[in-house]
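Student: Letter by letter, the chains look like this.
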Amino acid sequence: MESFVILAVSAISSGCLYGLVGMALAIIYSASKLINFAQGEFVMLGSMCAYVLIVVAGVGFVPSMLLAAAMVGVVGIAVMKFVMAPHLARGTASFSMIIVLMGVSIFIGQATLIATGAVGYSVPYAFGSGSRMIFGVPLQPHHFLVIGVTILVTIGYWFLMNRSMLGLATRAVGFNRDMAFLTGINVSRIVMFSFLLSAAISGLAGALVAPLIGFRPLMGMALVFKGFMALVIGGGFGKPYGALLGGIFIAALSTLLTGLGFSEFADAATFLAMLAVIIWRPTGLTNQADDH
Amino acid sequence: MKRRDVLLGLGYGAAAAAGLGTAGRALAQAKAPIRIGVIQDLTAAASAMGRVQRATYDLFVKEFNEKGGVDGRPLEIVFNDGQSDPARTAQLTEKMVAVDNVMVLVGATNTVEALAMKSVAARRKIPLLAGGGAAVILSQPVDPWTFQCMGRDDNTLVDMARIAVEDQKLKKIGIVHVSNAWGTGGRDVMIKVLKEKYQLEPVAVESAETAAVSMVPQMLRLKNAGADGVLLWVSIDSVPTALKGMNEVQFKAPVMSNLACTEANIKLTGNLPMHQISHAVWSWDRPDAMAISDRLSAVTNSNMKYEDTWPMAWNVMQALVVALGKAKLSYDPKDLAADRQKLRDAVEALKDVPVIGGREGATFSFSPTDHLGYEPEDYVNKETFNGVDWKMYRSPTRS
Numbered sequence: 001m002e003s004f005v006i007l008a009v010s011a012i013s014s015g016c017l018y019g020l021v022g023m024a025l026a027i028i029y030s031a032s033k034l035i036n037f038a039q040g041e042f043v044m045l046g047s048m049c050a051y052v053l054i055v056v057a058g059v060g061f062v063p064s065m066l067l068a069a070a071m072v073g074v075v076g077i078a079v080m081k082f083v084m085a086p087h088l089a090r091g092t093a094s095f096s097m098i099i100v101l102m103g104v105s106i107f108i109g110q111a112t113l114i115a116t117g118a119v120g121y122s123v124p125y126a127f128g129s130g131s132r133m134i135f136g137v138p139l140q141p142h143h144f145l146v147i148g149v150t151i152l153v154t155i156g157y158w159f160l161m162n163r164s165m166l167g168l169a170t171r172a173v174g175f176n177r178d179m180a181f182l183t184g185i186n187v188s189r190i191v192m193f194s195f196l197l198s199a200a201i202s203g204l205a206g207a208l209v210a211p212l213i214g215f216r217p218l219m220g221m222a223l224v225f226k227g228f229m230a231l232v233i234g235g236g237f238g239k240p241y242g243a244l245l246g247g248i249f250i251a252a253l254s255t256l257l258t259g260l261g262f263s264e265f266a267d268a269a270t271f272l273a274m275l276a277v278i279i280w281r282p283t284g285l286t287n288q289a290d291d292h
Numbered sequence: 001m002k003r004r005d006v007l008l009g010l011g012y013g014a015a016a017a018a019g020l021g022t023a024g025r026a027l028a029q030a031k032a033p034i035r036i037g038v039i040q041d042l043t044a045a046a047s048a049m050g051r052v053q054r055a056t057y058d059l060f061v062k063e064f065n066e067k068g069g070v071d072g073r074p075l076e077i078v079f080n081d082g083q084s085d086p087a088r089t090a091q092l093t094e095k096m097v098a099v100d101n102v103m104v105l106v107g108a109t110n111t112v113e114a115l116a117m118k119s120v121a122a123r124r125k126i127p128l129l130a131g132g133g134a135a136v137i138l139s140q141p142v143d144p145w146t147f148q149c150m151g152r153d154d155n156t157l158v159d160m161a162r163i164a165v166e167d168q169k170l171k172k173i174g175i176v177h178v179s180n181a182w183g184t185g186g187r188d189v190m191i192k193v194l195k196e197k198y199q200l201e202p203v204a205v206e207s208a209e210t211a212a213v214s215m216v217p218q219m220l221r222l223k224n225a226g227a228d229g230v231l232l233w234v235s236i237d238s239v240p241t242a243l244k245g246m247n248e249v250q251f252k253a254p255v256m257s258n259l260a261c262t263e264a265n266i267k268l269t270g271n272l273p274m275h276q277i278s279h280a281v282w283s284w285d286r287p288d289a290m291a292i293s294d295r296l297s298a299v300t301n302s303n304m305k306y307e308d309t310w311p312m313a314w315n316v317m318q319a320l321v322v323a324l325g326k327a328k329l330s331y332d333p334k335d336l337a338a339d340r341q342k343l344r345d346a347v348e349a350l351k352d353v354p355v356i357g358g359r360e361g362a363t364f365s366f367s368p369t370d371h372l373g374y375e376p377e378d379y380v381n382k383e384t385f386n387g388v389d390w391k392m393y394r395s396p397t398r399s
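Going line by line, the protein sequences match chains S and G. Every letter in the first sequence is one number past the one before it in our numbering, and letter 157, counting from 1, is 157. Every letter in the second sequence is one number past the one before it in our numbering, and letter 20, counting from 1, is 20.
Hints listed in this document are in silico derivations from the structure and should not be mistaken for laboratory results. It cannot be assumed that every hint is accurate.
Not close to chain G: a few residues of chain S, all C-beta gaps over 10 Å, as computed [as the list claims (entries may be wrong)]: (1) Ala78; (2) Val83; (3) Ser96; (4) Ile99; (5) Phe135; (6) Phe144; (7) Ile147; (8) Arg163; (9) Leu212.
Residues on chain S that point at chain G, a partial pick, calculated with CB under 8 Å [to be verified]: (10) Thr112; (11) Ile114; (12) Gln140; (13) Pro141.
Just the calculated beta-carbon pair ranges, DEER-fashion [unchecked claim]: (14) Glu166/G to Ser3/S: 25 to 35 Å; (15) Phe82/S to Ser302/G: 34 to 44 Å; (16) Ala8/S to Gln199/G: 34 to 44 Å.
The beta carbon of each residue, even a glycine, is placed where N, CA and C say it ideally should be.
Input sequences plus hints: build the corresponding full structure.
Tutor: Spelled out as structure tokens, the structure:
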């Protein structure tokens, strides 16, 4: 039972991190129909901010996490304003804009690499490195912080998208940009807002993952890959909690196989699961077939 | 003979020697250089190693040219940044061969790039001296044009098992490895060594993906299997994740790792004994090597004493200049293909060339059936205990 609880908490925590990254991808996709290949670099920047604030400046974990989200959010606005906005104004094709975002990804990654070197930097846990006995089971409290923050972000995102004019406008732009423009919605401002929100959530994810894997310049791509899988499996393009459920599904599958002694097959099984979902339920686990 | 005549004779001799030296250097400047095509990573993931290797090549060439070069010809490095990208590396290698007309190739920083260079070298029939990448993959099966100048991972793995079983007296060993080809290859060697040499079966063998955010499940498996020690074969980035996983599930056991045994990482395990065993060309107990590391430290403005990348690069250049000296090349641009063939033959015929990495007296030898320069008995493994106390481990085959 103890092992089960440890594994379950670890899997949910890992799944939440994948879910946050998936959610960040979905936000930009919702507003612009773009897959942001620079999302991983936003996550990496969040980890870097956490390292600088916590280790170098001695700021507490929670304020560092919030500051990291704010700082990366500013980077998101900068990317939108100086890189994407001119292309949006020009009506550049989506495919070209995805290439531009890949360029942004490479630029941020390489610039960070040159500035910090290829080595990894360790970031301490929010509540100390040791596990605590919780209901008689040794657990790392950081996992509960990850889970709690993810739930709050998911709820907040749901309210924003479903109970506010801003969310309604964002959904309208994602549904039909030209029609939204004709109804008076400031499309470029909505897309900029989506970059801000997406980058801030990525920064948050970066700060949360930093104590688990540290900060290193080229860490982002692997997380984005997992986030994208979470998004596809969970159906997060339509529902905020889809990416979260998809992330937990991926992590739970991997943890289950490892726990049963089949760790070698964990990677392959995750891809197989994604393949199965794409074939039998292309809109994801949380969506009906006609949701899109 | 009068004392005055002897002194005069010595004076003339010294003057003549000095004149010859100057003339030799002048000649080296006058003749066309021997171009060496080098690829290392200055950017991307492996750039930390690549930058050290480049600095080493530059220092070697500078010092060697000051001594007169080969046949009065200076060495010239044509350098390119591979960026850990095999496709880019292949393109740049083609360019160096076809456009820059280099005589020989040297590189790369990691295995996939080295394999890309190997492919071009075989097709273009130009010798490649590899100072990076997985030694076994590059040297077996023997490719006529590729020569490997670094140590082998399997030697490190043998020592990891030896320290676990013989020194630490562990009986129930668990293995955690990364799920890529390098990781599974290392796992197979560890299992084989434990079984054949010590008649031990690992109590658990767990795989972890390269970018895992948690290794809690793997470490819990090892703990529940009753493992009394861990052989850890994961990437440098994943070592902290593995140790945090151990700490989280309160799995207390000594760790034998190939990488990243730092004080910070040891703290993550809750100050458990942690050993790092790294192959092969470490040489900080050799005065001749330390003299080079001091000069390299001065030009790179960093401490190269404990750096184990530069001896590999130095070895490459040492082997290369000996081969160039023996190859009897025409240096006629029209005969470039023939010269490359002669140089390849000369490298393959190298016997007992002294190299700077490895034990004192270590040498390189190649043959048509063996393109791995090191012999197992020349390896020196370093062991870090607790990230602070350093100890040298000789190769198990060395008496």
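Student: Identify every previously stated hint that the structure contradicts and give their numbers, smallest first.
Tutor: Of the numbered hints, 9, 10, 13 do not hold.
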